[in-house]
Amino acid sequence: MDVETAVKGITTQGLMLAFLPALIAIGIMYRWSAGARTAIYATLRMLVQLLLIGYVLVYIFTADRSAIIIGVLFIMLIAASWIAIRPVRVKQPRVYLNALVAVSVSGLLTLGLVSQFVIGVEPWFSPRYLIPLAGMIFAGAMNTVSLAAERMQAEIERETPYHEARRAAFQAALIPMINSLFAVGLVSLPGMMTGQILSGVSPLVAAKYQIVVMSMLFGVSGISAALYLMLEQRGQSGSGDA
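Take 7 as the starting number for the sequence shown in the numbering used here and just add one per residue.
Warning: the hint list may mix true and false statements.
Distance windows between CB atoms, simulated [as the list claims (entries may be wrong)]:
1) R164 - G20: 23 to 31 Å
2) L115 - I203: 28 to 36 Å
3) S205 - L56: 35 to 43 Å
4) L204 - R92: 30 to 38 Å
5) I184 - V64: 33 to 41 Å
6) R164 - V62: 37 to 45 Å
7) Q239 - L26: 17 to 25 Å
8) P167 - Y65: 50 to 58 Å
Hints are computed from structural coordinates only; laboratory data are not their basis. From a predicted model like this one, the values you see are computed outputs, not experimental measurements. All residues carry an ideal CB built from backbone N, CA and C; glycine is no exception.
Between the sequences and the hints, there should be enough to build the whole structure, so can you do that?
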């Protein structure tokens with residue numbers, strides 16, 4: 007079965023209807039004064055970003071050059087690290103650097119393991135594999151570091167001892183990922199698995215890919231959060247000494 011013809015197209019009207027649940031949620035946020043403007047901005051930004059990246063990926067896939075792929079990965083890491091510290095009230099350069107190191111180290115190691123040894127991507131920089139995998143991995147690290155950073159700062163402001171603050175921040179950061187591990191296959195079919203099934207791939211093959219995805223996301227989430235919190239300990243110690 008041809009993958010391109012197996013996926014049904016989405017009309018403009020269908021795309022507009024897909025926003026209906028989001029509009030209801032935004033309406034509730036507006037009614038309850040719960041940050042509707044931020045939600046509207048985020049939704050519009052998502053729309054523009056995804057439309058633009060669709061055109062950009064067409065160019066990247068056809069160019070098929072390693073230098074371009076490395077540049078794209080670098081931009082993704084810079085953006086992910088910046089977004090990761092968005093909930094942190096005090097955005098010191100040290101906090102961004104810690105997030106960048108945590109996301110980059112955990113993300114690149116996981117990406118290298120999965121793409122080169124688990125899947126065996128050829129050539130190693132194949133954008134059709136590397137870019138989607140990097141997006142999932144870097145986003146997982148970004149979200150976990152963001153939760154860990156916000157919780158850690160809150161605990162420190164309450165003068166919680168470091169080891170207790172680290173434990174609380176680490177556990178809180180991993181709650182969404184742990185919930186996903188419990189729910190996958192029972193409550194939800196994740197995006198990658200659903201997309202492959204819609205494309206005509208065998209559900210068993212799609213399930214194996216999803217096992218790899220869930221394992222890599224859990225791993226990168228735990229490693230990135232731990233790295234960030236350990237780097238923050240050094241930063242807190244340095245600030246205290248100063």
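Task: Broken hints, by number - done: 1, 3 and 7
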